[in-house]
Each structure stands twice: as C-alpha cells, then as structure tokens.
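J.: Take the given structure of chain B and dock chain L to it, following the hints.
As you go down the protein sequences, you meet chains B and L in turn. Counting from 1, position 95 in the first sequence corresponds to residue 95 in full-length UniProt numbering; the numbering is continuous, with no gaps. Counting from 1, position 50 in the second sequence corresponds to residue 50 in full-length UniProt numbering; the numbering is continuous, with no gaps.
Simulated from the structure, these hints should not be mistaken for lab results. One or more hints might be untrue.
[As the list claims (entries may be wrong)] Residues of chain L placed beyond 10 Å of chain B at every Cβ, according to the derived structure:
id : residue
1  : Arg74
2  : His82
3  : Asp248
[Claimed, not checked] Simulated DEER-style distance windows between Cβ atoms:
id : chain 1 : residue 1 : chain 2 : residue 2 : range
4  : B       : Tyr90     : L       : Glu62     : 28 to 36 Å
5  : B       : Thr100    : L       : Thr268    : 33 to 41 Å
6  : L       : Thr268    : B       : Arg197    : 52 to 60 Å
No experiment lies behind these values; they were computed from the predicted model shown. We put the CB at the ideal spot given by N, CA and C, even for glycine.
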Amino acid sequence: MASHATGRGPRRTAATYVRRGLVLVYLFFLVAWPVSLVVTRTFGDGNHLASTLQDPAVVFALQMTVVVAFWAVVINTVFGVGMSLLIVRYDFAGKGLLNTLLDLPLSVSPVVIGLALLLAYGPRDGYFAPVLDAINLQVVFSVPGIIMATAFVSLPLVIREVVPVLQEIGTEQEQAARSLGAGGWQTFRRITLPSIRWALVYGVVLSLARSLGEFGAVKIVSGNISQQTQTATLLVEEKYLEFERGAAYATSFLLTLIAVAALVVVTVLRPKEEKA
Amino acid sequence: MGIEIVGVNKSFGDFVALSDIDLSIPSGGLTALLGPSGGGKSTLLRIIAGLETADSGTIEIEGQDTTNVPAQRRNVGFVFQHYAAFKHMSVAKNVAFGLEIRKRPKAEIARRVEELLELVHLEQFAHRLPAQLSGGQRQRMALARALAIEPSVLLLDEPFGALDAKVRKELRDWLRRLHDEVHVTTVFVTHDQEEALEVADTIVVINDGRIEQVGTPDDLYDKPASDFVLSFLGPVTTLGDRLIRPHDIEISRVEQAAVVDGPITRWTRVGFEIRLEVTPTDARYAPVQVSVTRTEAHALGLHPGDHVWLRPAVGAQSVVSA
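Pulled out of the complex, with its shape left as it was, chain B reads as follows:
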C-alpha cells in the first residue's frame, strides 16, 4: 500500500490544489504583479529605457552602483570565506558572540548602520576623523564610505551560505590532502574551495543582489550628491520625487534585470554540476 502511494508521490486532493492556489495568489499579489508593473511602466508610454540612458546622472549612478557592488562583493567573499573557516574549523573564546555579531547587519535597520558609520568615520566629529584626516582619506560622503556601508549590510550572506557546507564536508578530505603532501594553500585551493564553490557562488549572488539594492545605509553615508556619490537606488528615489517617473521606472527595471540575471545564471549552472 505504501509503495502504491510513494510510486507517484503524495496523493493529490482538493486541499493540495487549495494550498497551491494560496501560495500562487500570495506570490502574485506580493511579488509578481508589482514588479511587472515596473516593467510595463518602463515600456508603457514610449520607451523610457532609451531616453533614460541618455541622462548622464543615470549612467553615472548605474556605474557607481556596479562599482560599489563589485567591491562590496569582493570584500565580503574574501572576508566571508575566511570567517567561515574560522567559525567552523577553530574553537576560541567568544565564538558565540562573534556568531551573533555576524547576524547583526541582517537584523539592524540599514539606516542605523549608516548612522553608526557616520559616527565612527565622519569628517568632523567622527571617532577616526583625526586619523583619516592625517592620511587624507575621505570615507564618508565618498566612495569608500558607500562601499563600507554596502559591505556591512551584505556581510553575513556569504558566511551563512558557506558555513553549513563546510560543516557538512568535515575535515577528512583536507587531512587526506595533507597526508598526500599538499600544503595549506594547496589544500584550500584544490580541496576546500571546490567543495564549497556552489555555496560560495550562491552567497556571492545573494550579496550582489543585496548590494545592488542597498538604500538606507548608503543614503546616510553617501550624502546623495548627484554624479558624485549617487547610486542607482538613490537616483530612483530622487527621480520619483521629482516626477521624472519614467527615469525612475527605467532605472528600477535595470536594477531588477541585473539581479534576476544573476539568479538565473546560478539556477542554470547548478543542476548541471550536481548531475555530474
């Protein structure tokens, strides 16, 4: 009897269809429909995309977003892998505290993070102002500050993807590599990294999506100066408030497109890998 049921998966009843229907309706009204409106508005009355891309402020903001997201992702990837190894492979005092701290960026509002960075690295009364002045590095209201804020908010994403995989693979493969003569770096590159690569790619894509979309922390830290420190999300808000809605929709559409493209690339690549 059991084999009869498992042969074709669970039995489908009316309740199954009701449950599926609920999920679909929920996702449609919360996600699909609103996002599709952005797309239809972008291409609705005249092609806003082409005209918007003529605007140097838009081009600048998009470039800025890409550069910031790139560096934030690079920093989070290197730091995230290191942190994950530290958390999984070593025991030290304060590990629990560190674990909690790593989740802080996800639980605290980005606006608070922006303010905190302003307090620490701000130009006049910031904690590190004398030091930063001395080496002539402006952090807040410039690109380094924006990258910092973005890296801060997307900090845990790589770590939370990589840690469970590291825990699951254990250390035996690494020990085997050691006994076969591999040094620390060779073991990492040839054994550890390939084992965690899909978790890493997924973490990177999530970080990228999060970095592209960061708004609150960046708004406070950047100063939101057009063509100097304005990222795409800040531009969307500004254009929207200034009734240049076409430009706002078109820029939103481009942001969505990059994020969706990244997710699609991962989904397409992943099953191939697992089949092999």
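T.: Showing chain L alone in chain B's frame:
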C-alpha cells in the same frame, strides 16, 4: 627501522588517550593495532601520520625523527574509515593528487595512475566520480591514492569499518595479498579481532591508552598476557577459577576427574556449532559456557539436561581469572 615510538603521551582535556606508549613496528610488516573503541589506537595512528601531535614522546619513521615534521612532509599514506574521497575529482584525479602536488611529469603521472588502478582493479572506473562507486570500490581507490606517493609507511584507520560483512571479508583477503605484492610497512587499526588475527603479521593490543601485548597472532591467541587479551581475542568462559576458551573444555557424560560438574542448562545451536551452558552443582562457581561441534555432541550422546563433567582439554590455554 620501521616505526619507533618512544614515550608517547596524549590527552584530550581530562581524557588520557595514550599513556607512555613505547612500540617498535617492524619494517615491511603488516601490523594491526587492535582494541576496543576509545582505547587510543586511532589516536596513535594519527600521531604517526602527523594528523595529531603527541603531548610528549618521539616518533621515528625509517630512522628519521619525524616528531616535529608536519603531516604533508612525512611521506605517509593514510586511509580513512569513511574513505575521504575527493568528491569533486574523478577516480583517476584522486589517485593522481599526490603526484600532481609533487609536480611529477604528466606522462609519468598518467602511467603510474594506470598501474595503480590496475592494482586495485578499478581500471574501468578511472573517469567516474567517487559518488558513483560502491563503498568497497571507494576504499580501494583511497588505497591506490595513498600508495601513489610511494609512502614509507601505509596507515589505515579502520579501513573496512564502514563496509558490510561480505565486502569486508573480501577486502581483507585482498589487502593481505596486496601487501604480499607491495611490501610497504603497513599499520592498520581495527576493533575486529578476527580481522587482526587473519590479516596481520603482528598484533598490538591497545586498551585504555596502554599497550596490553605485542605479538604474532598465534602468540596472542595461545599465550595471552592478560585476561583482557584473552577475552578480547575470542570468546572466554570461567571454568572453576580460570578463564578458558569454550571450545577448549573437555565434556563427558561419564563421571571422571573434573573441575566442575552439573547439568546442561542451556542449548543453543548456531550452524555447525552447539553452545552449551553448564550450571555447576558447586554453587561457588559461575555457569560455564562450552562449545562443541554438532558431530561431537552426537558422538558423545549429549542432550539438554544431561549431567556432565568438565575439565580443560589437553594443551588448552587458561589464565587465572582476576
């Protein structure tokens, strides 16, 4: 030569895993570290490999002090219970790993991998991933991988522990034959006394972080140094005040000079063997387990409930019970 272990101690927190181990493992032999789980045998193996560091003491491999040499420079082949296969590499790549690290020429690596895969009978699986192999095949791959670097010693940590009984037995015979071919100094850890008795030239019995006895399988079986060794190497029972193997007891239905006598109170048939329990009439003594073959029982005319007389068989080994 071989492996010389002097004064090795190792603790994990309060737990003493190894205390004052002195052991010399002969070159070219097949040595078993035998003992119950948690007795310290795996820890000792991992210390020899450099995967664990001893708190004190020294390790010498083939005349070279390796106490402070890191694992990757000890030239030791290590095989893990759960294979530790490199999951993202093909079988051939797994075997080639140590040679690639050593930057050997490509042609040499290819030739050597082919030889080794032939040796472990996996030549037709070279391009599969480890996930597509059975447990026994994976362990043979792991062995080829360890042998590829021409290790000065080969260490196997419960190599057949994760396999089912039949594959286990096959691999055991195969390891014995492989060793006769390759002659590399081999040490393997096991908690299965049958495995140790069947495969090893030398057995080291380890219990509670100490070495109980070192000797050939025959030595250990015939001249156990302690009641622990006697009882770990096979079934034992108490006859009077001595420990003895159940098949070393002479049983008779006719009254004769005997250590104890009493009725047969239990009768269990296991294949060709019959296991009896005799409860001595003298209440000071514990029930005695006796094992006889079905044919013997038939010849002696034994039946459940019969009153029998028991004494050690001629030449039987026994130890005063603690």
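J.: Evaluate each hint against the coordinates.
T.: A quick look at each hint next to the structure:
{"no.": "1", "hint": "Arg74", "in the structure": "8 Å, violated"}
{"no.": "2", "hint": "His82", "in the structure": "6 Å, violated"}
{"no.": "3", "hint": "Asp248", "in the structure": "43 Å, holds"}
{"no.": "4", "hint": "B:Tyr90 to L:Glu62: 28 to 36 Å", "in the structure": "33 Å, holds"}
{"no.": "5", "hint": "B:Thr100 to L:Thr268: 33 to 41 Å", "in the structure": "59 Å, violated"}
{"no.": "6", "hint": "L:Thr268 to B:Arg197: 52 to 60 Å", "in the structure": "56 Å, holds"}
In the structure shown, a violation is registered for the earlier hints numbered 1, 2 and 5, in ascending order.
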